[in-house]
Structures are given as structure tokens and as C-alpha cells.
Amino acid sequence: SQTIHQWPATLVQPVGSPLSLECTVEGTSNPNLYWYRQAAGRGLQLLFYSIGIDQISSEVPQNLSASRPQDRQFILSSKKLLLSDSGFYLCAWSVIDSNTIYFGEGSWLTVV
Amino acid sequence: GEDVEQSLFLSVREGDSSVINCTYTDSSSTYLYWYKQEPGAGLQLLTYIFSNMDMKQDQRLTVLLNKKDKHLSLRIADTQTGDSAIYFCAEGAPRGTDKLIFGTGTRLQVFP
Chain X
1 SQTIHQWPAT LVQPVGSPLS LECTVEGTSN PNLYWYRQAA GRGLQLLFYS
51 IGIDQISSEV PQNLSASRPQ DRQFILSSKK LLLSDSGFYL CAWSVIDSNT
101 IYFGEGSWLT VV
Chain H
113 GEDVEQSLFL SVREGDSSVI NCTYTDSSST YLYWYKQEPG AGLQLLTYIF
163 SNMDMKQDQR LTVLLNKKDK HLSLRIADTQ TGDSAIYFCA EGAPRGTDKL
213 IFGTGTRLQV FP
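Protein sequence lines correspond, in order, to chains X and H.
Residue 1 is where the first sequence starts when you use the working numbering, and the numbers rise one by one after that.
Residue 113 is where the second sequence starts when you use the working numbering, and the numbers rise one by one after that.
Among the hints, a few may not be true.
Facing chain X, according to a computed beta carbon distance under 8 Å, are these residues of chain H, among others [claimed, not checked]:
#1 ARG125
#2 ALA153
#3 GLY154
#4 LEU155
#5 LEU157
#6 TYR160
#7 PHE200
#8 LEU212
#9 PHE214
#10 GLY215
#11 THR216
#12 GLY217
Sample of chain H residues with no beta-carbon within 10 Å of chain X, all distances over it, derived [unchecked claim]:
#13 VAL116
#14 LEU122
#15 GLY127
#16 ASP166
#17 MET167
#18 ASP170
#19 ARG172
#20 LYS180
#21 ASP181
#22 THR193
#23 GLY194
#24 PHE223
The hints are simulated quantities; they were obtained by calculation from the structure and are not laboratory data.
Please read these numbers as outputs of a predicted model, since none were measured by experiment.
Just so it is clear, CB atoms sit at the ideal spot from N, CA and C, and this is done for glycine as well.
Chain H extracted, bound-state conformation (with noise of 0.2 Å):
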């Protein structure tokens, strides 16, 4: 079936580097994403990779998809405290569907 897991809470100090893990089951997913939820908003799209991908970087934003464990991780360059959002990781559906499948999401927390 279709899963994505992703753990729910993370917190690390101002200026360190912030990594969010993913977890997905269906490998026929051709795209994977990452999106912002900041508090009391809407998604915004930050990223995303193509599964014929390994890395993907943009800015302070490096995403990392290891095909073979199903495994996607965004790293944040030099954590700021308007950073702090939920995070959620989504799969696309098969083709033709056009949907997506989105995880739990993970809470990250920044302190100065």
C-alpha cells in the first residue's frame, strides 16, 4: 500500500544544519517533495526531485533520495528561526492519477 513516514518532531540550534527524513513505499513514484507548512498556513512546494535523481540542491536546500531504501532527507544549510515550520514529505501517485501521498510531517523547531 501506499505509506510515507516521516518522524514528527526535530529541534537544533540557529545556525546548525538541519536534516528531515523520509521513508515511502511506492517505488513507482515518479517525483517526491518536499513541503513547508508554516503555523496557521497553507503548503508551500520547496522542493522536488525526480526518482531518476540522487541529489537535488537549491540554495540552502540539499535533497538526498537513496531509490533502493526509499529513503528522501532534506537538509537545511544554516538553520534560521524562521525556518521553524512543519515539513512534509509527499510521493507522487502513479501516472495519471495525480495525486499525491503525503506523510505525517515533522515539526522543526530552531533556538537560538
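So that you can see chain X by itself, here it is in the shape it has in the complex (with noise of 0.2 Å):
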């Protein structure tokens, strides 16, 4: 059976530090791969999706960034950290042409 990890489950960093928030997907083959962001008391944003190897597409501008170096894994990464970036992020994955996304547990950050 599939399964989706990503890691770590909550992060507490300063502003304009580094981010990097990992995702692997097991039991599956070329998945498409999503990043999703829930702010407080607000739905979910699409930031990333990538339907293959160093295939990335961006949905909204932002401090953010996305790279896909192995086929199951998806990486979400930032420079330097704003305020605004706090949120709970989450990973997906779905199977092409399948409109059908699975999540992963998620992912607190908080921007201090």
C-alpha cells in the first residue's frame, strides 16, 4: 500500500532563517506531488505541484520554493523565513490523471 511521509512534524524558527520541510512517497511510481498551506483560520493554498523529476510548477509568488531530486521525494524550502510563512504546511501526492489526493500528517511552522 501507499504511503506518505513528510517530516519534521513541527519546526520553530526565526525570522530569515532556512526552511526545509522533506516528503517522501512509498508504494508508488511517478506520482504527482503537491505542497499544500493551511494559515490560521484559512482554507488550503496550492503553493507547489510537480508531476515529475525537477518538474515544478509555482501556483502563487512567494518566499517559497519547491525541488523534486528523486522521483518520491519533494522538498520545500525557504532562503530566509518570514513572519507570514507560519502556518501548517502539507504534503500530498496523487496518481496521474486522477483528480484524488492523498496528505500527509503535516507540518507546524511557526515564524518567531
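With the hints in hand, could you dock these two chains into one complex?
Next comes the structure, spelled out in C-alpha cells:
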């Protein structure tokens, strides 16, 4: 069966520090991969999605970037965090041409 | 444009039925989804309905789709305290993009 893991689960970082959130999927090949953000009191915002290695689309301009160095690995990064980057970040995957998306457990980021 | 709307809060007594409503704008969506997010956790796919269906029932869950009005609802029968969570409605973006557009989520609180 397929599983998705993301880490760390919680993170407290000072403003201006770098960020790296990692996500891996097991049990499937060539998945679509996604990073979503859920800000406090708001819905889910799609940040990045990827249909293959090194193929990444950014949905909104922001202080973040994403990379996919391997088929089942998706990394969310920032060189310098802002206070507004605080939120709950969710990695997700889906099978190509399927709209059904499966989510990881999420990572809480607090920028102080 | 793409927009999915939900009311923010719903409070029900244990044992009653809950009805969570959602409106969407993209009439080309082929699938519509309900996800559940328990406190501090990722999203769990509850159920989905294909756009050519009016209703889908799965144990205590009933999904109703009014395609003419672009209205989707989730009914939870015999609501339990364990059903307390945030419920997200999502519509599938046009085929080929493999993205979901999420609503803001409805926080369901079940009291004894």
C-alpha cells in the first residue's frame, strides 16, 4: 500500500533563517506531488505541484521554493523565512490523471 | 474563476444529523470531494462523488450534489463526538491538471 511521510512535524524558526521540509511517498511510482499551506483560520492554498523529477509548477508568488530530486521525494525550502510563512504545511500525492489526492500528516511551522 | 465556499462553523448535539454545505463555481469539475481534518493532523479523504451522480451514501455519510446550483452537501447521520473536525469540500480542476480547489473548511463541533 502507498504511504506518505513528511517531516519535521513541528518547527520553530527565527525570521531570516532557512527552511527545509521533506516529503517522501512509498508504494507508488511517478506520482504527482503537492505542497499545500493552511494558514490559521484559512483554507488550503496550493503552493507547488510536480508531475515529475525536476518538473515543478508554482501556483503563487512567494518566499518559498520546491524541489523534486527523486521520483518520490518533494522538498519545500526557503532561504530566509518571513513571519507570514507561519502555517501548517501539507504534502500530498496523487496518481497521474486522478483527482484523488492523499495527504501527509502535516508540518507545523512557526516563524518567530 | 475557481472558488469553493463553505460556512466556517457548525455546532450540533451528539446523535443529531449534521449537514455541511459547499458551493463551487467550476461546472467542468468531474469529481467533488469531502476531506476531514482532525486537530493537528493531515487531511483524510472521506468520500467523493462523480459529477454525473446526484447522491452517494456510505454508511453514516450521504453526499448530495445539485449540479444546476453547483451545491454540494455532506450529511453525517448520528453525529458522534469523534466527528468533531474541520471538513473540507474540494472540486477537481479540469482533467489533466490533477489539482484540487479546496474550500475554507467547516469546523464541526459536536457537544454531548
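Structure versus earlier hints - violations, ascending order: 1, 13
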